[in-house]
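Visitor: Each chain is listed here by its residues.
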Amino acid sequence: MLRVVYTAMAALVMVVAVTAAAHAQITAANWTEKVGFKPDANPPGFKVGAVIDKSNVATVKALLPGGIETLVSKYALKLWLTAYKPIHPSKGFIEATNKYLGQAKTIDTGSKTRERGLENYTAGLPFPDPKNGTEVAWNFLYAYNGDDGKFHYGVYWISAKTGVERWEEWVWEFIIRTIHRTDIEPIPAYDALKEKDIQYLALTYAVQPFDKRGFGAVYRRYLDPKDQEGWVYMPSMRRAIQMKIGSTGEAWNSTDMLYEDVRGYLGYVEWMNWKILEKKTILAPMHSGVPVGKEARDKVFDFKTWPHWNPKLQWEPRPVYVVEAKPKFKSYPYSKMIMYIDAETFFIPIKENYDRKGNLWKVVINAYNDSKDMNSGPPRIGTSLTIDLQAEHASAFPSYNYEANTGLKPGRFNKSTILKMGK
Amino acid sequence: MRTRIAVVLGVCCLLWTVEARAFDDFEDLEDSDSGDSTEEFFVINGFIQNQTGIFFSTESNKWEQVKDDFGNITEYPIDHGDKLGKLSMMRTTLQLEADLKPAKGVRLRGVFRGVRSLQLEVDEYAQPPDPGKTGGDYVAWVNEKYYTENRLREIFIDIEAAPWLDLRIGRQQVAWGDMGQYRLLDVVNPTNSTWHFPTLENYDDTRVPLWMFKSVMEIKPLNGSLEFIWLPLLDNPEETVTVPLTFVSAWGLPRSPKQEYESGFNIRKKTPRYPGHKIEDSRLGARWVGSLGVLSYSLVYYWTHQITPPIPTGFVQLYDPTRGALEVDRSTGNAVIDEVFLDYPRQHIAGFSLEYAFQSPVSTIVRLEASYTPNATYPAVSSAEKTTPDYVDGQDLYTSLLTYEKHVASWGIQLMRPTFIRFLNPTQTFMFVAQALHTMVLDWDSKERYLDIPNLDSTETKQHSLTLVGAVTTSYLHGMLAPKIVGAYIPGPAPSGFVTAQMAMLFGNHWRAAVGATMFFGEDPYKGLGLFRDRDEVFARLQYQF
Chain U
1 MLRVVYTAMA
11 ALVMVVAVTA
21 AAHAQITAAN
31 WTEKVGFKPD
41 ANPPGFKVGA
51 VIDKSNVATV
61 KALLPGGIET
71 LVSKYALKLW
81 LTAYKPIHPS
91 KGFIEATNKY
101 LGQAKTIDTG
111 SKTRERGLEN
121 YTAGLPFPDP
131 KNGTEVAWNF
141 LYAYNGDDGK
151 FHYGVYWISA
161 KTGVERWEEW
171 VWEFIIRTIH
181 RTDIEPIPAY
191 DALKEKDIQY
201 LALTYAVQPF
211 DKRGFGAVYR
221 RYLDPKDQEG
231 WVYMPSMRRA
241 IQMKIGSTGE
251 AWNSTDMLYE
261 DVRGYLGYVE
271 WMNWKILEKK
281 TILAPMHSGV
291 PVGKEARDKV
301 FDFKTWPHWN
311 PKLQWEPRPV
321 YVVEAKPKFK
331 SYPYSKMIMY
341 IDAETFFIPI
351 KENYDRKGNL
361 WKVVINAYND
371 SKDMNSGPPR
381 IGTSLTIDLQ
391 AEHASAFPSY
401 NYEANTGLKP
411 GRFNKSTILK
421 MGK
Chain F
1 MRTRIAVVLG
11 VCCLLWTVEA
21 RAFDDFEDLE
31 DSDSGDSTEE
41 FFVINGFIQN
51 QTGIFFSTES
61 NKWEQVKDDF
71 GNITEYPIDH
81 GDKLGKLSMM
91 RTTLQLEADL
101 KPAKGVRLRG
111 VFRGVRSLQL
121 EVDEYAQPPD
131 PGKTGGDYVA
141 WVNEKYYTEN
151 RLREIFIDIE
161 AAPWLDLRIG
171 RQQVAWGDMG
181 QYRLLDVVNP
191 TNSTWHFPTL
201 ENYDDTRVPL
211 WMFKSVMEIK
221 PLNGSLEFIW
231 LPLLDNPEET
241 VTVPLTFVSA
251 WGLPRSPKQE
261 YESGFNIRKK
271 TPRYPGHKIE
281 DSRLGARWVG
291 SLGVLSYSLV
301 YYWTHQITPP
311 IPTGFVQLYD
321 PTRGALEVDR
331 STGNAVIDEV
341 FLDYPRQHIA
351 GFSLEYAFQS
361 PVSTIVRLEA
371 SYTPNATYPA
381 VSSAEKTTPD
391 YVDGQDLYTS
401 LLTYEKHVAS
411 WGIQLMRPTF
421 IRFLNPTQTF
431 MFVAQALHTM
441 VLDWDSKERY
451 LDIPNLDSTE
461 TKQHSLTLVG
471 AVTTSYLHGM
481 LAPKIVGAYI
491 PGPAPSGFVT
501 AQMAMLFGNH
511 WRAAVGATMF
521 FGEDPYKGLG
531 LFRDRDEVFA
541 RLQYQF
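These protein sequence lines map, in sequence, to chains U and F. With our numbering, the residue at position 204 of the first sequence is 204, and numbering never jumps. With our numbering, the residue at position 89 of the second sequence is 89, and numbering never jumps.
No wet-lab data here; the hints were simulated from the structure. If you're wondering where the values come from, they're calculated on a predicted model, not measured in any experiment. Quick reminder that beta carbons are idealized off the backbone N, C-alpha and C, glycines included. Be careful, since some hints might not be right.
BS3-like cross-link-like pairs, simulated, lysine-lysine; straight-line CA separation at most 27 Å [unchecked claim]:
1) U/LYS212 - F/LYS484
2) F/LYS406 - U/LYS409
3) F/LYS484 - U/LYS150
4) U/LYS294 - U/LYS212
5) U/LYS423 - F/LYS484
6) U/LYS420 - F/LYS104
7) U/LYS294 - F/LYS104
8) U/LYS279 - U/LYS326
9) F/LYS220 - U/LYS212
10) U/LYS420 - F/LYS101
11) U/LYS423 - F/LYS104
12) U/LYS409 - F/LYS67
13) F/LYS220 - U/LYS423
14) U/LYS150 - F/LYS447
15) U/LYS161 - U/LYS74
16) F/LYS220 - U/LYS294
17) F/LYS101 - U/LYS409
18) U/LYS328 - U/LYS112
19) U/LYS330 - F/LYS386
20) F/LYS101 - U/LYS423
21) U/LYS196 - F/LYS220
So these bits of chain F aren't anywhere near chain U, every CB distance computed over 10 Å [what the hints assert, rightly or not]:
22) ARG113
23) SER215
24) THR332
25) ASP524
Based on the sequences and whatever the hints tell you, model everything.
Guide: Dropping the structure here:
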């Protein structure tokens with residue numbers, strides 16, 4: 001009997017030791033295989049330097065999500081192919097992933113949408129080598145984005161029939177990690193915000209055109225899957241009024257993109273049922289080579305040629321989890337979303353949204369550029385594009401400037417800031 | 001004027017020595033400078049727009065003829081109208097807005113507005129303070145005085161003087177309170193809404209900017225900020241008060257109906273005694289803005305003048321040496337009042353506002369706002385007793401009119417809820433807004449009779465008055481079409497209200513347009529919004545912005 005106990009204890013010690021050794025081994029060099037999986041860097045039909053269009057799209061059909069293939073074959077999208085390059089997060093994020101490995105646990109919230117679905121998460125990637133769709137979704141939510149960022153961008157409303165309808169210029173500042181921080185002190189959290197369960201602060205304001213100039217909003221997001229709260233400054237009233245920012249399933253600023261489509265998915269994990277459909281290699285614009293700046297927007301988007309929304313991006317073989325997200329809400333514009341979640345970064349470079357009848361409705365493309373320094377900063381936002389295939393209408397978001405880890409402080413994200421920025 | 005501007009700019013320069021920073025909602029969490037890539041040294045924007053409206057009410061003019069003891073016949077309006085098919089406005093506006101950022105923490109802002117309007121036939125019924133004109137004169141007078149504009153509406157400097165102190169000095173607008181429509185606490189700037197029904201125009205456009213000093217001090221330990229304003233009233237005195245809506249006719253108040261008391265007076269001139277240009281006329285105010293969790297609140301106090309309506313406080317009759325008595329109209333035998341004085345008494349206003357956003361599934365923002373005025377002044381009904389001193393033969397006679405100072409409290413509540421009606425609009429919410437306003441005279445005495453609107457005996461003040469407002473808006477076609485419906489209802493023995501439907505449109509980045517229609521209703525043409533029941537209107541706005 002004693003022998004059995006000793007043997008069991010020895011086995012347990014070995015398992016713990018092996019597990020700990022394996023966990024401790026997550027590094028920048030092995031990040032890909034430890035947290036996700038490696039892609040097929042040279043899949044059949046793929047050739048670095050090739051340009052894919054309608055004439056040769058069949059050669060890479062197996063590497064393309066259906067929505068992207070449709071854009072190539074029916075809407076003249078071209079894909080400039082480039083070689084796969086691995087991406088890893090910052091040293092701080094890797095350290096946090098190792099330090100808190102195995103602690104995060106999902107909570108089954110069933111059909112409930114307002115109950116928290118994660119516990120014991122502190123920082124880093126919560127679920128290296130995720131086992132199910134929900135873990136992949138949490139990995140996306142807490143993927144490495146740096147601790148804060150500032151995005152200066154354009155918004156273009158584009159009709160395939162008439163071209164660019166109008167445009168606006170916006171700035172979006174955010175502390176994406178008020179808690180769960182890894183890069184900038186205080187690490188891992190601003191205690192004052194942690195006490196209030198505030199995990200995200202944002203400030204957004206319009207720069208152009210005239211009738212939008214001065215419009216701004218500050219808002220906060222909680223750990224619990226509650227509505228985002230904040231204040232909106234109304235220039236016509238010269239008042240900042242309290243508002244819910246982004247009702248569930250609402251279009252952002254009358255674009256083709258819902259609030260939940262921002263960055264691929266800006267909703268809460270608890271709002272959807274998640275399921276991994278497959279793990280595969282696809283072509284995605286993770287090193288898209290997009291030039292940024294106002295002057296560069298015409299180099300990124302071909303506004304003049306039908307369908308007026310096609311971007312010039314580099315596409316590379318990427319490992320992805322193909323994840324299906326079905327809304328728990330009875331009334332939601334999408335019946336399901338298919339997200340192609342990058343298995344290294346857990347970003348969502350491609351997403352397909354289906355209408356209530358199950359037909360493909362929208363395709364979302366998020367293109368990224370190289371990080372300035374992968375050891376200290378995330379990939380930079382290159383551009384974003386949402387295409388409504390049914391209305392043949394698109395919303396494009398060229399990047400004028402993006403900086404991460406700028407050292408934004410929470411004091412900026414309050415009502416008085418938008419009052420001062422207003423008229 | 002130049003001296004005043006020089007003094008203000010001098011003060012600005014003195015204060016422009018300290019580096020800046022701001023406010024902080026979270027204790028102990030400092031603010032940061034984001035290194036704004038959009039900062040531009042100088043920006044100028046603006047628009048040119050035309051607003052056109054046509055009355056389509058079929059309410060007609062009706063008059064009652066009254067014969068006096070001498071057989072003289074006088075006509076009194078018992079309804080008003082005569083506007084069908086006539087222009088309600090034809091107004092072209094050029095507005096330029098410039099921002100200059102000469103240094104970190106300093107901003108100069110200027111807003112120019114130039115307006116030209118057609119003369120409106122309906123202004124023949126205006127009631128200007130100098131009534132010794134003909135209808136045609138009124139039309140030109142209203143157009144020149146109220147519809148025409150060439151001015152630097154706003155010109156101010158913002159200075160972030162210290163990490164806890166922001167200053168704004170110059171001619172500016174201050175918007176206090178949290179609710180739309182009722183403006184219980186939005187009382188700092190007077191308004192000019194002579195060109196359109198005020199609900200249909202932005203507050204930004206109808207407020208009259210005034211010269212003032214404003215400071216905002218952040219007080220971190222209390223999680224709030226203290227705002228202080230001082231208005232030395234350097235402005236043109238006429239602009240320190242709200243433009244009386246009797247002075248114009250297109251969107252002004254109609255001629256008074258037959259008064260309960262037939263005065264037998266002919267009035268030669270009304271003289272508003274505007275405050276301003278004296279240090280003792282300064283206005284002062286303070287506002288505390290804070291938050292308790294997600295509950296926002298503000299506390300407001302403002303020492304001001306009663307900027308609307310003007311209160312008739314007395315009149316003068318002249319001695320006529322040829323008659324050896326007070327002047328009379330020789331054709332009618334009526335006594336002549338040479339001058340009626342309209343005053344803007346001092347007033348205290350205190351109040352508070354609360355704002356709270358309920359989470360889903362309630363998903364409703366609730367705003368509560370209340371104000372208290374301990375000395376609201378009301379004019380007495382026209383039949384009220386007048387205070388006339390013993391007449392001294394051979395001299396002009398001044399007579400005081402009775403007024404009442406009352407304690408008045410008002411409170412309003414607003415509910416705002418974004419709601420999906422997916423089959424009507426799959427990805428945009430409908431914003432539903434409901435508001436109620438209750439005003440109460442606290443020291444009400446049923447024996448006293450006084451008026452909400454001077455010289456309109458039909459508007460006798462009630463102890464309680466209630467107004468209800470509802471609105472709904474949404475957008476279609478990626479924001480290119482934005483329909484809006486607004487309605488208001490004043491219950492009571494003679495209920496009244498209005499409904500307006502509007503469609504705003506975007507065309508590219510430069511063109512904006514709107515079309516709409518407003519219908520007023522009211523059982524009594526001289527009560528509540530029935531005053532406007534001859535003002536049913538279709539209107540359009542076309543704007544080019546740059």
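Visitor: Give a verdict on every hint.
Guide: Going down the list of hints, with the structure as the test:
Proposed proximity of U/LYS212 and F/LYS484 is supported: the alpha carbons are some 19 Å apart, at most 27 Å. Between F/LYS406 and U/LYS409 the CA atoms are separated by roughly 50 Å; this puts the pair beyond 27 Å, and the hint is violated. Under the criterion of a C-alpha separation no larger than 27 Å, the hint pairing F/LYS484 with U/LYS150 is inconsistent with the structure, at around 34 Å. Using a Cα cut-off of 27 Å, the hinted pair U/LYS294 and U/LYS212 holds, with the two alpha carbons roughly 18 Å apart.
With a CA separation close to 25 Å, the supplied pair U/LYS423 and F/LYS484 stays within the 27 Å bound. For the hint linking U/LYS420 to F/LYS104, the alpha-carbon distance of about 14 Å falls within 27 Å, and the restraint holds. The suggested pairing of U/LYS294 with F/LYS104 holds, with an alpha-carbon distance near 24 Å, which does not exceed 27 Å. With a CA separation close to 18 Å, the supplied pair U/LYS279 and U/LYS326 stays within the 27 Å bound.
Between F/LYS220 and U/LYS212 the alpha-carbon distance is near 31 Å, which puts this suggested pair outside the 27 Å criterion. As the CA atoms of U/LYS420 and F/LYS101 are separated by approximately 14 Å, the hinted pair is consistent with the 27 Å bound. Simply put, U/LYS423 and F/LYS104 have alpha-carbon atoms about 17 Å apart, close enough for the 27 Å limit, and the pair holds. The suggested pairing of U/LYS409 with F/LYS67 is violated, with an alpha-carbon distance near 79 Å, which exceeds 27 Å.
About 24 Å separates the Cα atoms of F/LYS220 and U/LYS423, which keeps this hinted pair within 27 Å; it holds. With a C-alpha separation of about 66 Å, the suggested pair U/LYS150 and F/LYS447 falls outside the 27 Å cut-off, and the hint is violated. Only pairs whose Cα atoms come within 27 Å are accepted, and U/LYS161 paired with U/LYS74 is accepted, the gap being roughly 14 Å. For a cut-off of 27 Å, the pair hint linking F/LYS220 to U/LYS294 is broken: about 39 Å separates their Cα positions.
With a CA separation close to 23 Å, the supplied pair F/LYS101 and U/LYS409 stays within the 27 Å bound. Distance check on the hinted pair: U/LYS328 and U/LYS112 sit about 8 Å apart at the alpha-carbon level, within 27 Å; holds. Proposed proximity of U/LYS330 and F/LYS386 is contradicted: the alpha carbons are some 70 Å apart, above 27 Å. The suggested pairing of F/LYS101 with U/LYS423 holds, with an alpha-carbon distance near 14 Å, which does not exceed 27 Å.
In summary, the hint linking U/LYS196 to F/LYS220 is supported, as the alpha carbons are separated by about 17 Å, within the 27 Å threshold. With a closest Cβ-Cβ approach of about 14 Å to chain U, F/ARG113 is found to remain outside the 10 Å limit, as its non-interface label requires. Every CB of chain U lies more than 10 Å from the CB of F/SER215, the least distance being 13 Å, so the non-interface label holds. Distance check for F/THR332 against chain U: the nearest CB is about 50 Å away, which clears 10 Å, and the non-interface claim stands.
Distance to chain U confirms F/ASP524 as a non-interface residue, since its nearest Cβ pair spans about 32 Å, more than 10 Å.
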